[in-house]
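Engineer: Here's the letter readout for the chains.
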Amino acid sequence: MAHGTTPGAAARTASPAPTDTADPSAGRAKGRTTATKPAAVSKPSKGGTFRTRFKRDRTLILMTLPAIVLVLVFNYIPILGNVVAFQEYDPYISDNGFIAMLESPWVGFEQFQRIFDDPAFWDAVQNTFVLFALQLVLFFPIPILLALLINSVIRPRVRAVSQAVLYLPHFFSWVLVITVFQQIFGGAGIIAQTLRQHGYEGFDLMTDPGIFKFLVTAEGVWKDAGWGIIVFLAALASVSPDLYEAAAMDGAGRWRRMWHVTVPALRPVIALLLVLRVGDALTVGFEQILLQRDAVGPGAAEVLDTYVWWNGVRNQDFSYAAAAGLIKGVVGLGLVLAANKVAHLMGEQGVYKK
Amino acid sequence: MSAVTEERPKAPGRWAAPPRPVWEEQPTKAGLASKGIVLAGACLGVLFPLWIVVVTSLSSKQTISEAGGLVVVPKDITFIAYQELLSGGQVTRASIVSLCVTLVGTLFSMTVSVLAAYGLSRIGSVGHRWMLMALLATMFFGAGLIPTYLLVQSLGLTDTYLALILPSAISVFNILVLRAFFMGISQELIDSARIDGAGDWWILWKIVIPLSRAVIAVITLFYAVGYWSAWFNASIYLSDQDMMPLQNVMIQLVQKQEPPVGLGQAIKTGQLSGLAVQMAVMVMALLPVAVLSPFVQRHFKKGMLTGAVKG
Amino acid sequence: MTPNTSAPSRRSFLASTAVAAAVTGGMPLLAACGGSGSGSKEGTTSGKDAQKVLPAFVAQNVVTPDIASKNGSAAGFTSKMSLAELKTSVPQKLGKGSTIKIMSPFWGSPPKSSNPYYSAMNKVIGAELVWQNQDGNTYDEKLGAVLASSDMPDVVVIPSWNMGGKIPSAIISKFADLGPYLSGDKVKEYPNLAAIPSDAWQYAIFGGKLRGLPQPAPTVTGIVPFYRKDVFDKEGYELPTSAEEFLALAKDITNAKAKVWACDDMKWTAFNIFGVLSGGEKPLGWNLVDGKLIYRVETDEYLEALEWTRKLYAAGVVHPDAKAVNQGNAGQRFTDGQVLMYNQNISDWWGKMAEQATQNKDFRISGMDIFGHDGGDPELWAGSPAGIFAFINKKASKAVIHDVLAAANVTAAPYGTKEYMLTNYGVEGTHYTVKDGTPVKTDKGNTEVLNAYVMLASPAPTIAHPDFPDIAKEQVQWQQRMGAFTKKSSFFGLQITEPARYTNLSNDFEQLEDDVVRGRKKISDMQQAVSDWKSQGGGKLRDWYKKLLDDNGSAQG
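Chains as they are written, first to last, in the numbering used here: chain R, 1 to 354; chain X, 1001 to 1311; chain U, 2001 to 2557.
Quick caveat, the hints were computed from the structure, so don't treat them as lab data.
It cannot be assumed that every hint is accurate.
[Unchecked claim] Here are some of the chain U residues that sit facing chain R, going by a computed Cβ distance under 8 Å:
1. K2093
2. L2094
3. S2149
4. P2153
5. S2173
6. D2177
7. D2321
8. A2324
9. Q2327
10. T2503
11. D2515
12. S2524
[As the list claims (entries may be wrong)] In silico SDA-like cross-links for lysine to any residue, where the CA-CA straight-line distance does not exceed 25 Å:
13. U:K2259 with R:S94
14. X:K1075 with R:F185
15. U:K2251 with R:T217
16. U:K2394 with X:S1239
17. X:K1075 with U:N2329
18. X:K1035 with R:R257
19. X:K1035 with R:R196
20. U:K2522 with R:V161
21. U:K2361 with U:V2440
22. X:K1035 with R:I93
23. R:K55 with X:R1122
24. U:K2251 with R:A265
25. U:K2534 with R:F121
26. U:K2101 with R:I93
27. U:K2101 with X:R1093
28. U:K2251 with R:Q193
29. X:K1035 with R:W106
30. U:K2441 with X:G1124
31. X:K1035 with R:A265
32. R:K341 with X:G1124
33. U:K2101 with U:K2394
34. X:K1035 with R:T217
35. U:K2540 with R:N315
36. U:K2257 with R:L205
37. U:K2540 with R:G108
38. U:K2087 with U:Q2359
39. U:K2444 with X:E1066
40. U:K2251 with R:F121
The beta-carbon is built from N, C-alpha and C at its ideal position, and this holds for glycine as well.
Can you make the complete structure from the sequences, with help from the hints?
Structural biologist: Rendered as structure tokens:
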């Protein structure tokens, strides 16, 4: 490949020689194992011809290739099928669904118009964002706190047992989790019946639209918070005890050590997960909510994914579903890029960096 | 070049607490108590529902009927629900299928993911950004079922086990987590290896992977659990019932207890409750965790990867 | 939290739903999806055009039922079955040895693909049927995908509740016209198919051609208000005869402290009590009144029925788990004694009896007669004459089509024949044993003889329970009493494909009904929705149906 044939390569070669080759051991000076800034020495220079840089990085490209091939074949080819969002697609008018895509009538942005004109769509968007905000505030920090708690336990037996127990609910299906909640908190549940037998009024937490979003968040915490800790535990496993010792020698107490050693070690992982979570804001638990949607009605429970399912998938309105999927994808990508930008401003790596 | 060393705490017994470092202060009683209360509370919050599930799976239809649902206090113990699950030989065959798919799939997914995560871990390398974006975008843009099915079918994968592995072999989320951990590894170590003439394969194999054992254990677990509990691809891509993996067989066994209206001819009378079968399925679903949990926890010991910073 | 997205199948979430819902909630009480289509495929076929394609009807005279079908009921067999005198309805096998792949929904755990039951059936048929039994709860997704591919099985079974969206369009474009094999006298080659009632065949005409092999169903309403006869007798409760009495009785029964509620969700019964047009399949919801077509949601009866159901919920006589919809199973609450009344498909009458026989000797289930809301006679509307169809791939060879029909001729054999016994009970000694003259399925029978072959084609609706002949009698008599009050709405019995743009127009009403009766929305919200419906296409849909009626004539009279 001749150098400079691609505009991108030309543009990048044109940029001035890297300025960030200085400051060799910054990471170490701060005593972080998980360097927030990859040590600069190894950062490949942007100079040199495309050919030399390609030659230098070809192993890396080769390593990434299998994953790229897999997504190209199994993601991108079917994603091309999303053109039906601009059609009135009927997969059955032809012998094969692919050929039917060529033959279905084009309708421009009509499907998008239909979605935007539907007040139920906007209700679903609102519910989705409210639920996302709740999950972010009430759910996201819990695995981190639990990981810190477990990490501070010294006895191996206590650590092992509590971890193992906390993982378990992740392996329950949503059907079962909701059944268990219904049997405990429902109108004929254990608590309500016990109250009634003692002369009090019963109650029903499961069909109250007012608290539904809290209920969903609580179920989520119960099921997945314990499972969520394992990534953080993995991050904590790589913190050197020397760092704690050094901090202790400097007179840092228990809390200061946590703040200055433990938390920084978790920061890149937290930032990554947070960025990805924000990008996935429009996904707030599909199966879980669909199972309970009818208990409180769509006014309180409809979220974007269930909306698409009811209006697109269930009715086999493939074009409508594809259009809604595209909207969701564009919003999600926009959110993740924005969140990534914020992460950079706060000095974190985030998902990717230029 | 500095070798990577691991410092395994040499504790006398497996469960014995490691000696408290001299620099660490004794915990306060209040601190210990509050920690204990939070942990015990969290564990009880999990164990109480689990207790209900297990007891119900071991109860007779009569007991479940009297309780009007899930059983809290056991009255009689019967293994009839488990017998029903294990009879017919389908579960044995399906377990082998699931085990093989999980093993092969996890190995394949991990290989591809670790390679990709390392391949993308050097910022500024050629094509790095485009490849990363290509992966990232698939987290947000999905494809409809029909185009995906048609693709898998035209590749000739329907009714083969590859259809349970290839279409969903990699999770971009997992690759990004691996990559984040790889990028956290001390660069000096890698640089010095590079100066000594080591190539990327050597660095990945001899430095990055040994230093990332905790996260690799976690991601392996993620993939394995994913393969083990997947059922949707099988229900779409496989037509031959004799090929179905365990999850699908389990789902069907639960349904068998409650046939849909109008097709009631399959009702099996007797001591067996559909609810008990459902609960038994759940209990069996927890088994892999019990098996995998210790395996993962071995990699979580504090400070086991200290070689990284000493380099 | 993100770690749980680790599963390789992110998409599995997007499709798992129906599954989970169905596991807990059972099948849809009534299939809520009507037909639809696109382009010139919409419309229906009736009158002379239908006569041209319909198979001739030749009543079977092999076995005479104890209670003949009347008023749209099934035929009942209530006397002791004499297994020694089983007749033969297929004297020689018609199959010519083709191999036939059949995709069919299946609930439960399918048997191994080679098993004694399948071999015995194939031997009698004379062809090699290979069953692809698919999980009934994800059948929608699988069906949608398989029909879009150019490589379909030879036969595809599609229940009417899976015919939403664009499936009717697929049926018309992908499946064979069976007219050349069955129309008129040609059907006589397959005597058991000729004995399937013409109503059911007419309903199997899709896009002007006879495409389906029907599973006939009684046209009288399938939803029975069941009650616990044992408890009612013990407590001296009297059966209600009006909407008001029902509410009063329900308040009397309910004792939340003792975990007893009067009833489960009674919405479908309310529709019957108040004489609301059928909500089963959309065309049945239209009726000509004083020269104008009206749709069920536009009627006063509809609002009254909702208002009454709303009162039940407000009075606290409905079980809280029923309020939470997908929770548990109404039949389970009924047998547990947590509710004393519930409405469900008539099959539960025998189903619950058989299930409880070994558990609770005192248990008695019975169906109460549907009463008019004011205490007078009820006004009921007829349902569809067939519910499940088998279709043959249009690419299938003549030999394959012939062998599929040969197989259907065996599975459609009437009660009292050897072929019926084989299809429904399997092989004597292997799948069932005879105890006191009654066939009892063995464990092997319970694992292998399930809903596979019966999906291909069935005889005229039959109710026969050799183990509980009295229940069979009660069921048929109930159907006949209710049948006497049953009328046919304007489009009864016509397989209608609505224009594609209206397919989903009326889909949201069911959801809104549930909101209204549970007190989350007001009756006025429903009125608003109805007027929105009119302006958003309901009016045009009315014109479309009116034209259809003018062109084809009505089923009434």
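Engineer: Work down the list of hints and note, for each, if the structure agrees.
Structural biologist: For each hint, the structure was consulted:
For K2093 (chain U), the suggested interface contact is broken, since its CB lies about 34 Å from the closest CB of chain R, more than 8 Å. For L2094 (chain U), the suggested interface contact is broken, since its CB lies about 31 Å from the closest CB of chain R, more than 8 Å. Of the supplied interface hints, the one on S2149 (chain U) holds, with its beta-carbon coming within about 7 Å of a beta-carbon of chain R, less than 8 Å. The beta carbon of P2153 (chain U) is not positioned within 8 Å of any beta carbon in chain R (closest approach about 15 Å), and the interface hint is therefore violated.
The beta carbon of S2173 (chain U) is positioned within 8 Å of a beta carbon in chain R (closest approach about 5 Å), and the interface hint is therefore held. A cut of 8 Å between beta carbons decides the hint on D2177 (chain U): the least distance to chain R is about 16 Å, and the hint is violated. A least Cβ separation of about 6 Å between D2321 (chain U) and chain R falls short of the 8 Å threshold, and the interface hint therefore holds. Because the smallest distance between the Cβ of A2324 (chain U) and any Cβ of chain R comes to about 4 Å, under 8 Å, the interface hint for this residue holds.
For Q2327 (chain U), the shortest C-beta to C-beta distance to chain R is roughly 5 Å, which falls under 8 Å, so the interface hint holds. Because the closest C-beta pair between T2503 (chain U) and chain R is about 7 Å apart, less than 8 Å, the hint holds. Here the hint on D2515 (chain U) is kept, as its CB sits about 5 Å from the closest CB of chain R, short of 8 Å. A distance limit of 8 Å between C-beta atoms decides the matter here; for S2524 (chain U) the minimum to chain R is near 15 Å, and the interface restraint is violated.
Proximity of K2259 (chain U) to S94 (chain R) is assessed by CA-CA distance (about 56 Å); at most 25 Å being required, the pair is judged violated. Using a Cα cut-off of 25 Å, the hinted pair K1075 (chain X) and F185 (chain R) holds, with the two alpha carbons roughly 23 Å apart. For the proposed pair K2251 (chain U) and T217 (chain R), the alpha carbon gap of about 36 Å is over 25 Å, so the pair is violated. About 20 Å separates the Cα atoms of K2394 (chain U) and S1239 (chain X), which keeps this hinted pair within 25 Å; it holds.
Between K1075 (chain X) and N2329 (chain U), the direct Cα distance comes to roughly 23 Å. Compliance with the 25 Å bound is thereby established for this hinted pair. Taking the CA atoms of K1035 (chain X) and R257 (chain R), the gap is near 17 Å; set against the 25 Å cutoff, the hint holds. Annotation: proposed proximity of K1035 (chain X) to R196 (chain R) is violated, straight-line Cα distance about 35 Å (limit 25 Å). Our distance criterion of 25 Å between C-alpha atoms is broken by K2522 (chain U) and V161 (chain R), whose separation comes to about 52 Å.
Only pairs whose Cα atoms come within 25 Å are accepted, and K2361 (chain U) paired with V2440 (chain U) is accepted, the gap being roughly 19 Å. Restraint check for K1035 (chain X) and I93 (chain R): the C-alpha separation of about 64 Å exceeds 25 Å, so the hint is violated. Of the supplied pair hints, the one linking K55 (chain R) and R1122 (chain X) holds, its CA atoms being roughly 15 Å apart against a limit of 25 Å. Our distance criterion of 25 Å between C-alpha atoms is broken by K2251 (chain U) and A265 (chain R), whose separation comes to about 63 Å.
A hinted pair counts as satisfied when its Cα atoms are at most 25 Å apart, and K2534 (chain U) with F121 (chain R) qualifies at roughly 21 Å. Restraint check for K2101 (chain U) and I93 (chain R): the C-alpha separation of about 23 Å stays at or below 25 Å, so the hint holds. For the suggested pair K2101 (chain U) and R1093 (chain X), the alpha carbons sit about 23 Å apart, so the restraint of at most 25 Å is met. At most 25 Å may separate the alpha-carbon atoms for a hinted pair to count; K2251 (chain U) and Q193 (chain R) meet this at roughly 18 Å.
This hinted pair does not check out: K1035 (chain X) and W106 (chain R) have alpha carbons roughly 62 Å apart, beyond 25 Å. Of the supplied pair hints, the one linking K2441 (chain U) and G1124 (chain X) is violated, its CA atoms being roughly 70 Å apart against a limit of 25 Å. For a cut-off of 25 Å, the pair hint linking K1035 (chain X) to A265 (chain R) stands: about 22 Å separates their Cα positions. Note on K341 (chain R) and G1124 (chain X): the hinted pairing holds, with a Cα-Cα distance of about 17 Å set against a maximum of 25 Å.
Taking the CA atoms of K2101 (chain U) and K2394 (chain U), the gap is near 14 Å; set against the 25 Å cutoff, the hint holds. For the hint pairing K1035 (chain X) with T217 (chain R), the CA-to-CA distance comes to about 24 Å; that is within 25 Å, so the pair holds. For a cut-off of 25 Å, the pair hint linking K2540 (chain U) to N315 (chain R) stands: about 20 Å separates their Cα positions. Proposed proximity of K2257 (chain U) and L205 (chain R) is supported: the alpha carbons are some 18 Å apart, at most 25 Å.
A threshold of 25 Å between alpha carbons decides the hint, and for K2540 (chain U) with G108 (chain R) the separation of about 24 Å falls inside it, so the pair holds. Between K2087 (chain U) and Q2359 (chain U) the alpha-carbon distance is near 35 Å, which puts this suggested pair outside the 25 Å criterion. The suggested pairing of K2444 (chain U) with E1066 (chain X) is violated, with an alpha-carbon distance near 30 Å, which exceeds 25 Å. At roughly 40 Å between alpha-carbon atoms, K2251 (chain U) and F121 (chain R) are farther apart than 25 Å, so this suggested pair is violated.
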